[in-house]
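Visitor: Could you put together the complete structure from these sequences and hints?
For the record, the sequence lines run as chains H and B.
Mind the numbering: the first sequence is residues 60 to 245 in the numbering used here, read in order.
Mind the numbering: the second sequence is residues -8 to 86 in the numbering used here, read in order.
A portion of the hints provided could be inaccurate.
As the list claims (entries may be wrong) - Here are some of the chain B residues that sit facing chain H, going by a computed Cβ distance under 8 angstroms:
id, residue
1, Met(-8)
2, Met4
3, Phe5
4, Leu8
5, Lys20
6, Phe34
7, Ala36
8, Phe40
9, Ile50
10, Ser61
11, Phe68
Stated by the list, open to error - Listed next, the in silico DSS-like pairs over lysine-lysine satisfying Cα-Cα at most 27 angstroms (straight line):
id, chain 1, residue 1, chain 2, residue 2
12, H, Lys138, B, Lys15
13, H, Lys140, B, Lys15
14, B, Lys67, H, Lys138
15, B, Lys15, B, Lys67
To be verified - Across the chosen pairs, the derived CB separations fall in these ranges:
id, chain 1, residue 1, chain 2, residue 2, range
16, B, Phe40, H, Val199, 35 to 43 angstroms
17, H, Arg207, B, Ile63, 32 to 40 angstroms
18, B, Val53, H, Ile63, 23 to 31 angstroms
19, H, Ile218, B, Ile13, 41 to 49 angstroms
20, H, Ile164, B, Val53, 29 to 37 angstroms
21, H, Tyr180, B, Ser10, 43 to 51 angstroms
22, B, Ile(-5), H, Tyr162, 33 to 41 angstroms
23, H, Phe170, B, Val53, 25 to 33 angstroms
24, H, Asp183, B, Ile13, 29 to 37 angstroms
25, B, Phe40, H, Gly194, 39 to 47 angstroms
26, H, Tyr180, B, Lys15, 55 to 63 angstroms
27, B, Ser10, H, Val145, 37 to 45 angstroms
28, H, Gly194, B, Ile(-5), 45 to 53 angstroms
Just so you know, the hints here were simulated from the structure itself, not pulled from any lab data.
Note that CB positions come from ideal geometry on N, CA and C, so glycine has one too.
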Amino acid sequence: MIVIYINIIILFLLIITSIAINQQDNLFAATMLTGIFSLLSASLFVCLDAVDVAFTEAAVGAGIALILFLGTLASIKYKEKVKNKVSVSGLLLVIPTGFLLIYGIHDIPSFGALDNPVQTYLADRYITGSSKEIGIPNLVTSVLASYRGHDTLGEVTVIFTACIGVLMLLGRSRGDYRGIVDKEES
Amino acid sequence: MFEISTFIILFSMFLALVSAIIGKTVYDKILAVNIFGTVTVLFIALFGFLTKRPEFLDIALVYALINFISTIAILKFFEYGDMSSSSIEKEEGDI
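Guide: Here's what the structure looks like:
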């Protein structure tokens, strides 16, 4: 019961942090708040018993991503150009996506309920049947690489895309950036 | 007992977040993030004892190490304005 209250408090703090990141026009401050965001979500993952995910989130989100953000900040200016215009096409894209996500919640079994698939037959099936079905002796590997194969493929695609983006930002020389920024300002 | 301390830790998380948001200078924000990392380490350690699984203490230790590395990276960024430069010419040496 007390864990639920802790979850609610952490989610509340996450909402405050994300609103604050959105409101910042100083990119350095936004980077710092991103570090806080990933530490908070790592705590949330620990509360949800996903300790491995929390581990990855802390190492990647609070460690490497922060350093990559700072490396990118070294190449560009600190201030974001403030745009006050409301983008209608963005709103049209975001609001239906939000409704679709909330609609998708209906299918998910309630958190921690005893009649969830994972509590009834799924874990047994993985333990007893996976070596016959997949042929990999390691249970975790067979779940990640075969039962959740599409999920893992999506994750790898996301990481690859992010890596390409960062490399494109960092790979250019400094002179190019100054040229771009000066042209936009004049 | 652990419940009360967990909620106090969560409240100090909130205070660190507020100081990160309303802090005027860059150094306020760096300090707030560092405090937040320390409080997260405390929270994870306490949460392990709260749910009667103190094995989480190892994770809290790793979090402390990661927090230290990112703080050093931020401070190095401020000292040199760059992530790739080294301080071999300086007498103090690299961090």
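Visitor: Hint by hint, say whether it matches the structure.
Guide: Now for the hints, and whether the structure bears them out:
1. Met(-8): violated, 12 angstroms
2. Met4: holds, 6 angstroms
3. Phe5: Cβ of B/Phe5 sits 6 angstroms from chain H, so the hint holds.
4. Leu8: Holds, about 6 angstroms.
5. Lys20: holds, 4 angstroms
6. Phe34: Check passed: Cβ of B/Phe34 comes within 6 angstroms of chain H, closer than 8 angstroms.
7. Ala36: Interface hint status for B/Ala36: violated (10 angstroms vs cutoff 8 angstroms).
8. Phe40: violated, 13 angstroms
9. Ile50: holds, 6 angstroms
10. Ser61: holds, 5 angstroms
11. Phe68: holds, 5 angstroms
12. H/Lys138 / B/Lys15: Holds, at about 15 angstroms.
13. H/Lys140 / B/Lys15: holds, 20 angstroms
14. B/Lys67 / H/Lys138: holds, 20 angstroms
15. B/Lys15 / B/Lys67: holds, 21 angstroms
16. B/Phe40 / H/Val199: 35 to 43 angstroms: violated, 27 angstroms
17. H/Arg207 / B/Ile63: 32 to 40 angstroms: holds, 36 angstroms
18. B/Val53 / H/Ile63: 23 to 31 angstroms: Taking Cβ atoms as reference, B/Val53 and H/Ile63 lie about 26 angstroms apart, which means the hint holds.
19. H/Ile218 / B/Ile13: 41 to 49 angstroms: violated, 34 angstroms
20. H/Ile164 / B/Val53: 29 to 37 angstroms: Given range 29 to 37 angstroms: holds, Cβ gap about 33 angstroms.
21. H/Tyr180 / B/Ser10: 43 to 51 angstroms: Taking Cβ atoms as reference, H/Tyr180 and B/Ser10 lie about 49 angstroms apart, which means the hint holds.
22. B/Ile(-5) / H/Tyr162: 33 to 41 angstroms: With a Cβ separation near 40 angstroms, B/Ile(-5) and H/Tyr162 satisfy 33 to 41 angstroms, so the hint holds.
23. H/Phe170 / B/Val53: 25 to 33 angstroms: holds, 27 angstroms
24. H/Asp183 / B/Ile13: 29 to 37 angstroms: Hint violated: Cβ distance 52 angstroms, outside 29 to 37 angstroms.
25. B/Phe40 / H/Gly194: 39 to 47 angstroms: Since B/Phe40 and H/Gly194 have Cβ atoms about 41 angstroms apart, the given range 39 to 47 angstroms holds.
26. H/Tyr180 / B/Lys15: 55 to 63 angstroms: holds, 57 angstroms
27. B/Ser10 / H/Val145: 37 to 45 angstroms: violated, 31 angstroms
28. H/Gly194 / B/Ile(-5): 45 to 53 angstroms: holds, 51 angstroms
Violated hints, in rising order: 1, 7, 8, 16, 19, 24 and 27; the structure is consistent with all others.
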